[in-house]
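Student: Go by the hints and put chain H onto chain U.
Number of protein chains: 2
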Amino acid sequence: MMKNTQPVSLKQVKIDKGFWGYYRDLAFSSMIPHQWRALNDDLSDAPPSYSLRNLRLAADRNRGLSSGETYQGPCFLDSDLAKWLEAAAGWLAARPDEQLEKSIDEVIDLLAAAQEADGYLNTFGSLVLGKNRWRNLRDEHELYCSGHLIEAAVAYFEATGKRRFIDIMERNVACIAEAFGREPGQRRGYPGHPELELALMRLFHVTGNPHHARLARYFIEERGQQPLYFEEEKKRAGREQADWPPYIRPPLRQYQAHKPLKEQQTLDGHAVRALYLLSGLVDVAAESGSSELMQTAERLWDNCIRHRLYVTGGVGSTHHGEAFTFDNHLPNGTAYAETCASIALVFAARRMLEVQPRSAIADVMERALYNNCLASVQLDGTRFFYVNPLQVWPSASQQEPDHWHVKPERQKWFGCACCPTNLIRLLSSLDRYVFTYNSQTIYQHLYIDSEAVFSMANGLVQLTCRTRYPADGAVTLHKDGAACRLAWRVPGWCRQHTLMQDGRQVVPDIENGYIQIDCPAGPVTVSLTFDMQPCRVTCDPAVPENIGKVCLQRGPLLYCLEEADQGRELWRLYLPDNSPVDLDWHQAWPGDIPGLKAAGYRQADGSVDSLYRFAETPELVPVRLNFVPYYVWGNRGPGEMLVWLHALPG
Amino acid sequence: MMKNTQPVSLKQVKIDKGFWGYYRDLAFSSMIPHQWRALNDDLSDAPPSYSLRNLRLAADRNRGLSSGETYQGPCFLDSDLAKWLEAAAGWLAARPDEQLEKSIDEVIDLLAAAQEADGYLNTFGSLVLGKNRWRNLRDEHELYCSGHLIEAAVAYFEATGKRRFIDIMERNVACIAEAFGREPGQRRGYPGHPELELALMRLFHVTGNPHHARLARYFIEERGQQPLYFEEEKKRAGREQADWPPYIRPPLRQYQAHKPLKEQQTLDGHAVRALYLLSGLVDVAAESGSSELMQTAERLWDNCIRHRLYVTGGVGSTHHGEAFTFDNHLPNGTAYAETCASIALVFAARRMLEVQPRSAIADVMERALYNNCLASVQLDGTRFFYVNPLQVWPSASQQEPDHWHVKPERQKWFGCACCPTNLIRLLSSLDRYVFTYNSQTIYQHLYIDSEAVFSMANGLVQLTCRTRYPADGAVTLHKDGAACRLAWRVPGWCRQHTLMQDGRQVVPDIENGYIQIDCPAGPVTVSLTFDMQPCRVTCDPAVPENIGKVCLQRGPLLYCLEEADQGRELWRLYLPDNSPVDLDWHQAWPGDIPGLKAAGYRQADGSVDSLYRFAETPELVPVRLNFVPYYVWGNRGPGEMLVWLHALPG
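Protein sequence lines, in the order shown, are assigned to chains U and H. No gaps in the numbering here: position 242 of the first sequence is 242 in our numbering, and each next residue is one more. No gaps in the numbering here: position 466 of the second sequence is 466 in our numbering, and each next residue is one more.
Straight-line C-alpha distance at most 30 Å; calculated BS3-like pairs for lysine-lysine:
1. U:K407 to H:K259
2. U:K259 to H:K407
3. U:K235 to U:K259
4. U:K597 to U:K17
5. U:K14 to U:K162
6. H:K597 to U:K549
7. H:K549 to U:K597
8. H:K597 to H:K17
9. U:K549 to H:K407
10. H:K549 to U:K407
11. U:K549 to U:K597
12. U:K102 to U:K17
13. H:K262 to H:K3
14. U:K549 to H:K549
Quick caveat, the hints were computed from the structure, so don't treat them as lab data.
In isolation and in its complexed conformation, chain U is listed as follows:
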């Protein structure tokens, strides 16, 4: 099964106004420079990154200039730098910036200098492993780092047209391709942390080199085959190579490497790995035309979406191994819901949409983007969540080890800083998630104020999307150029929508959740209106955490309660089923997003002063409930937060 549509490339879509204009500006003006300082160990009161320091050491060593200093920090630091490079390249694509391009080029110089003669490129490998390269694929992330560098090189090539970085990475891929495979003398290994698979497919898409796609397919298909490579690796080492806790040690499920992907029924293990792998799997399945691989991808996707997804678009139910657990286990207070995992979900969703546009997939992508991903950054762009919970009780975060990972405040930087750099590369490549298209049809998945150009069967098509979405549900689209078919997603949360074409209401067909109309050549104006009445969301009762509870959503934005508005012990609050929910413009957030308000109740202490009471009816006191969008929680000092609150049948 080939892909039905393709993604846009960098520079094809322009986003600089509307809701996302704010975040794009923030990414470009604040987050990219802030993170550059972080990568240069230049932030006060934050743990050092060591990324650039290590790379300089490796370049010096390769040039024969050894200072005697050694590698510092975890083994995967090249990836932080790579993600920053990818984000910075996105900025160059949007707006030329000489100073930034110079910084990027300097890093590329360092990478070129650090690359070994045979193409091997990994700072940790060169400085620490030496001749022992590839000794511990399960844990040492050499292939993972190559994947991120490849993604950066592709973005840089798309942004600047300069091939230098991509040449470096093709030499690196050649070195990897020689080392891994099923030929005599090769290792039958695969990455402990997937990422290279999807990166190789991106490299294939820009270079057209089929070797890259073949190598990606090898990694996908070899994974989990007998004898299990990671077990063989351990045998060769003669010992357990990393001091993993017992919940990770035996079954290799944590690495999605316990059995071949085709035999895996559920999306398991480390959530980021699982979703990077799923992204690569979709690309490989589509390119190879393997229906078995595609069915595997759909099965794993469906399992994730149907049983393992938080309402915020977060994934990963436990901090133990940052992992999925089991179906319908979605604890709110101890959720992991790592920022990177939600970003990886966006990646996977886009690829699923390329295969077959279905609005339910885009719904998930939108949910993750507007909620879990966006909540991970402070409104000023300088602090980040790694973990994105649905319930915060600061006493627990301070005093109970199972809650230690849940921070009531965003942090400046992290010892493992995968999330902030991942977020900026998502923000600076946001254009890739708005549309996919083929020679006949342009599918619009997200309603983001943007301008775009598509080269279609009948010629060029210019599309302009003007909207304040998600401040309101009005979207105006101007199409010009060649005749084509246009398709717009009807969001799953939308109860009612209207479409006006050149001033007249139209009732078009809906296919897979997309409104579709044929546009003649020349200008066409279409107005879409999505009803954005606040909605109550309930959960499948198979999930124990959310029974009897409700949360609020308006458009794609989920809402929550905060101590700043309601005082402590948010769990005492009830939202009656029959209580109207109104917009609260008194409390508007960046992008003109309103708060929500409703009449509710708070359970009072009761008349009995004891922990347990006999035959006492709970005393409910009327109270006004003030909800804020989930993406802005934690911007008013630390405190409690709650997404799911008690419903009161009315």
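Tutor: This is chain H only, laid out in the frame that chain U set:
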């Protein structure tokens, strides 16, 4: 403040019929022999205990017979044996048993043989520590084991009148008293695991030797003084002495040794330690007459009861360090509620009652005894829970590390087997919890079928209590002998009670929750009836876990739902506020305890097949709810269990 009443001694009360007759028989006929086999490493399919094996090694070593074998198992194994000895002595007190007495005497022979010349007695110490005795009081449990052996010796003395064991332990105490204290050359240490404090007070009570009480007071008052002994100990060792995880390492709160007891505001740290310590504290405070120590005891007790107690009488909210966490944090699914901790709560409650009978204290004692403690043993007496949860989801127990400690089935034995031996010593000393008394008044705290004799100011009093409690709430009391005052607790769960004296209804005074009447010399018959209508229990809304939820109690017995009756996903069940709860004699349990039944609802899947739903009203389907007493849960194969279920306001 002296104690107002005293406990009974062994042989003073006889319990062999009624509800507890079953468990006493079980303890004596099944559990004591079963555990004797366990302590002799004679159980198949269970981890070895090593207790007797190690003791034999130590005795041999002391006699100069070294086999070259070494100590095995954790350092505190003497305590398992000691608790078994204490329980076995209780059996001897109830019924002479030559074979059992011979087994006990053989262990005492071994203890005598293992005791070092200066009185030191600890198997681990003699075999492993050698000259390094007392090097690590925080972790190595030498003083703790002495405490348990003292308790066993006291019980054996009370049961048999034989002094040999008590002489051994007084020599051991002399050795300890020489090593610890504030004199030059002494260590200013105290036990890492409290127990010796309360044991010394028991030894003081039977021997009258004031040195024992003084040593107990030293340990209580020295604890947590600056410089912190456990920090000094670590400095001397030059390293962290045990590989404790970070949540235990720094603050010594885990050991209640971070500051002096008088400055501690909340009952913190390892729950068993905290409650053994509190028990010793009450004894020391009462004996010393220190109102400051007594206020400390009351403050810590009140904190525990008001904010840290499960409705089952369990304590300890986290498996991390088997510990208390913070106020109102009482998670059901991950509760630790260790059997030993609930037993320790019973110990502490009895001592609080000795100081001042208050029914609220006895309510807690009864709650712990009939629920958490009793649930810890299989109905056949051969399997045990260490952890006693309020919600069991087997998928989580299998797949989620935070739930690993929650077992859906009782186990035969444990690597750390403190609980089973603690339970049998509780069962065989049950008589100590029924009454306390002083020269004027006998207070009855628990309604247990029993016969007792008291020596009072006016002469001997014989008391016979006949009851099927908690099968029903009828209690008949025959008093004979001298004139005295009798006082009976009115349970907190009881909405209505009546008292008939010699056939006439009486409305007596109630003081501190106790009905009190003056009885003349000669026979008096009193009938008490406690209304045992099933009650709904709700929880302080400051506890997030239980908001909107309810559980059922009848008399002292809490009820729960099980998969065996209701199928899976028990969290879908609702109990309407207006649904009558009836007794279900169709499903009666040992002791003639009925099940409970009520009309309820189960939330159906709903019409939408997706994880999240917009504006969908939950669909509730009528269903019959069958509740079983909590103490019998898990006797019909592994499966889900739930104490707190959703209430449905009616």
